[in-house]
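Asks: Here the protein sequences come in this chain order: F and Z.
Numbering of the first sequence is given in my numbering, commencing with residue 1 and proceeding in unit increments.
Numbering of the second sequence is given in my numbering, commencing with residue 1 and proceeding in unit increments.
Honestly, the hints are just simulated from the structure, not real lab data.
Beta carbons: idealized from backbone N, C-alpha and C, even for Gly.
Hints may be right or wrong, so weigh each one.
Derived list of chain F stretches under chain Z, where covered just means 3 residues or more per stretch with a C-beta under 8 angstroms from a C-beta of chain Z [said to hold, decoys possible]:
{"hint": "1", "region": "18 to 30"}
{"hint": "2", "region": "61 to 71"}
{"hint": "3", "region": "152 to 166"}
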Amino acid sequence: MVQYLKTMKAIESEGMPVTLEVILIVEDTYGGEFFKRVLQELNKSNFLPYKVKLKKLSGRRNPIHAPYLCNPKLKKIITATDTANADRIILIYDGDGPSNYSQRFNQVKSHIPAKTNTPIKIVLFEYEVEEWICKSLDIKWDSKPSDALKRKVGYKKSQLPKYVSKVNFEDLSNSCKSFQEFMDALR
Amino acid sequence: MRLKKLIVKNFKSLHDCEIELGKFNVLIGVNASGKSNLVEIFKLLRKIYVEKDSNPFLEWWGYNNVVWQRKEELPITIGMLFDVEGYDVYFETTFTGTGGRFQILREILDIRGYVKIEKEGQWIRVEHDEVQLKKVLPIISKIKEHLKNNYIIPDFLRDDFFRLNIKNLKRLEIQIQDKENLISLISVEHGMTLFLKEFGFGVNSIHEVSPLKALIDVAEKGEFSRESILYIINPIIPNKREDLPDTLLTKFRDEFYFMINHMIVLKPLIINFIKTPQYPKKENRIYEDGSNLTNILYTIWLREGRLPEEIEAPLRIIFPNTRVFFQLMEDGRVTMKVFENGLELAPPSISDGFYKVLALLTAVYLKPPLLIIDEIENSLHPETLELILDTIKESDVQAIITTHSPVVVDMTEPADLILVDKERGETKFKRIREPEKIKKFLQERGLALSEGWLYGSIFENNESH
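Looking at chain Z on its own, in the form it has when it is part of the complex (with noise of 0.2 angstroms):
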């Protein structure tokens, strides 16, 4: 799954902007223009999600001082389009958290050209593209069809097949008991999915009592509760298990999960909490200032025998004859030990750009769904940042990054910068529309790209270029 493009709406200095996003993207654009409020957006949705924090505003001390000019009336929206194995699914969350109280006020999940789902408040809504549903009702009057005479299929299963027609797929609602978000009240129909899966389609569903209150109600009354459920047919995503494949909702909903909790945060490292040892822990995912590193080597350490090649071999092209290996001491913290031809470096000897290096190259080898670095040259000489932008292009993982360096500008092929721009206090993000044509441009004039940057308005994208 691929991050395509992100909408934000009144955080912060992102009043109204959307940002395409590739596999590769580099913000540029002067202090204060906004590149670190886009990186908090990640971190938001993460305590949104994840951590499911009653208080997410906590971080910068209340939502007045996250919403666009402190104006708390105003809701904030976040909109992300995801690729999903070729198909565009696009997700909206508005929330508010105006008188200190959070509140998610309206999601809209849309399967572009299969199936919009909203929920405001309570309410949930399904509404199937009608050229869908042309397609499948057929399908689904065939099924019935054998069903009826068919009676190994047990009565729940054919229930819920004689549920689906017109009517109730072509637009629902229905009021849910549970205050979840919408992508967690997404449940799984297995039984129909296999039913369908030979056309392409399988089914979610949306309860109006959970599941798991329903079978509490079984458990407690003997029998099921009257439910309402919303039927979401959806296309199917072949998998490893070919007699259980996914629908492409359900898929969605554990990459999404998946993305916002294993993307990696990177902001300026706090190298004095790396080079203190640290009481050992599972851990898998670095914190924004690195200060856990020792901890997620150690376990990789453990778990390999030794610091992987991707680690080992970067790391060796910069430092060379220069070794990691790490230690438990006596009060039961580990260490980082480092060696240079054979001889151990005491911390305060050790260079910030060795941490950051290996923080850097740690995080791509974690191989987070999204990887974000705020201000990626910092401690960093130009040829290491070389070294750690070629093996963050060579790697899958989808890369942000924010920079101030012409060195990083001059590394990084036209096509995948974004300015970063404040108009009349509002950023504003633009990609240089004719990426080929700057190129000419620039060669023409005997110009770098930084140049360009700098000096010139080649993200103005107009005729003299």
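Isolated chain F, as found in the complex (with noise of 0.2 angstroms):
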């Protein structure tokens, strides 16, 4: 965190835009594009003083696509995109219910070298990324958010990425806590 600010306070003190580079590590491709694309809209409102991009990695595009959680790969990943020089790391995983939230949020955080040169930032859904589209539609779910959406409006996972314009920013940043975890991450 302390080297975040020093290099956002770097930059601003040289009188140039002011942009926050951060690596997404996304439980899978779909949500990778989706928050690729939640990213561009982030930019085109106010929601935050400062563009946020993502880091040009040298064999990839970013987001990455995360292993399965315990895999001890997530680790090794972490470690290779430390080397990136990027302004934050951001893990996104989902929570699969409120009962294993804080079991997932430990796995998770399990992973995490050590020591690590840029500041790393963990953001669990409550149950999945479908929540915030569920959310922002209004549509109430029982286990899986995913499932309410394939049984309200034939949702298929592809079309993950064009759902983006339906989420609600205004409304997730009062109502949904891993939005609020997501802004955190990128504050």
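Need the complex rebuilt from these two chains, each delivered in its own frame; the hints are there to steer you.
Replies: The following block contains the structure:
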């Protein structure tokens, strides 16, 4: 965090436009594309006083596809991304329901290397990414927001990136814990 | 219907092996361990049961090239355990091609806990489970009582019911005149099923003389053949038509043919075939080399008026600003046109990976009952592989994938991995017996799953794990 502020301040003092460069590690490809578009929308809005940019990596696109949880490859990925000199690394995982939330959080946390140069943040959905869409569209769900979306609007996973246009940042910033966490991770 | 287990005997290096299958299955192993042989089993089944090829071994240059250690005297056996609406249904076929003559020697169809049907040569035996018979016989007796006093019922249906007795149902065999395979001999007895459906049972039958031949006899001789019929009592399966439910056996018969006919097997693609314009033909199953991909997509494109979102959306994640169109050429052939940022790309300038992604996404879009992909990683960047694997996992398709790629392994849950190994020339399939334990073991040591596979012994299931 200290280093992030230092970087931002250093850029500010040079009078250049401030940009936060992030690396996102997300559970699946469609989720990655969704967040890419979320950042594009945030940049168009006034939610953040600076632009957020996905850090360019040499071998692949950013966001990065996370391996399944408990796969030590995640630690290796974080260690490698730490060398990319981004302002922030954000891990985004499903929480799979309030009863699993803290266990999932600790599982994700256990993969973070002890020493990194880049600040690392964890964003955990209460259930899954589709909760942002359900809350924006005022759709209630029982156990999985994606199931409710499938029933109500015939949702398919491949449509996830397209649903960014339905996400209401204003509403989510007041009512959605995971969205607030995501915004905090960008601040 | 989902394939739960495959048992193979004497096919190439698969001497005597069985493999448990889930919804998503990733086969890993060194070169020549037998991964592709498993893929070929499904091709052979299609040749036998759908194409009804009189010489199904021709593609392999003869039976001696497909049978274990070229021992032509050995028959090949393929057994498959299916989950059909929650019931276990096992089908086994044993055949030979010795002396250049293809012949099915024996078939078994076993609805576990209900009825077992066996065909050997032209003899068919049906054996009902005793516990089920105890349940169904009192019901049949009641229906018979009811029929005695009901003269609206046609005579033939009354006769059918009176043939249903313990002697006929416990174990019976007949010699059939047809040379068809067992599954295609199964007929539906709608009339009897209508009486039994409220008790949860239905009736199928196998006729000594085929129903078609019986009809011809009626037309020619003016009377029914005095044939023997085997009745098969089995559970009914609810369907959209409540008045006429399917029996489990009918559902299995239809879905077995559908699975074998519509499954998609993709081997490494021959890209130049895909790039070549084709004469349009309505097609709905991709060939294993992808050579008819343009026709498949053109068929979809004509039907939908565009590329479906399930194909286009993921394609654009990997190839942004790329569009695919189809054009009918002056000579009547159809060609695939690819544009990037509005500029047309000439086929030689289009990457192999583009066509591979398009073929894989199309295969998933077609929702085959079984999707088999040999060496999925060819031509694909790791992040493209991630997209493809996410798309397959998210779909309803049952998939069997072979790979050498650590990237694919690291994207796979340990429970979905199957190691293909050769022991003394025989292929063996192994799953990790306690996947959660292995996950913990690898995490404690800071090893990725692929590292545990390549440099460790995570499939040995020994106590140290």
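Asks: It remains to establish, for every hint, whether it holds in the given structure.
Replies: We went through each hint and held it up to the structure:
Here's how the region 18 to 30 of chain F fares: 3 of its residues keep a CB closer than 8 angstroms to some CB of chain Z, so the rule of at least three is met and the hint holds. Chain Z is given as covering the region 61 to 71 of chain F, and this holds because 6 residues of the stretch bring a CB closer than 8 angstroms to a CB of that chain, at least three being needed. A stretch counts as covered by a chain when three or more of its residues have a beta carbon under 8 angstroms from one of that chain; for the region 152 to 166 of chain F and chain Z the count is 6, and the coverage holds.
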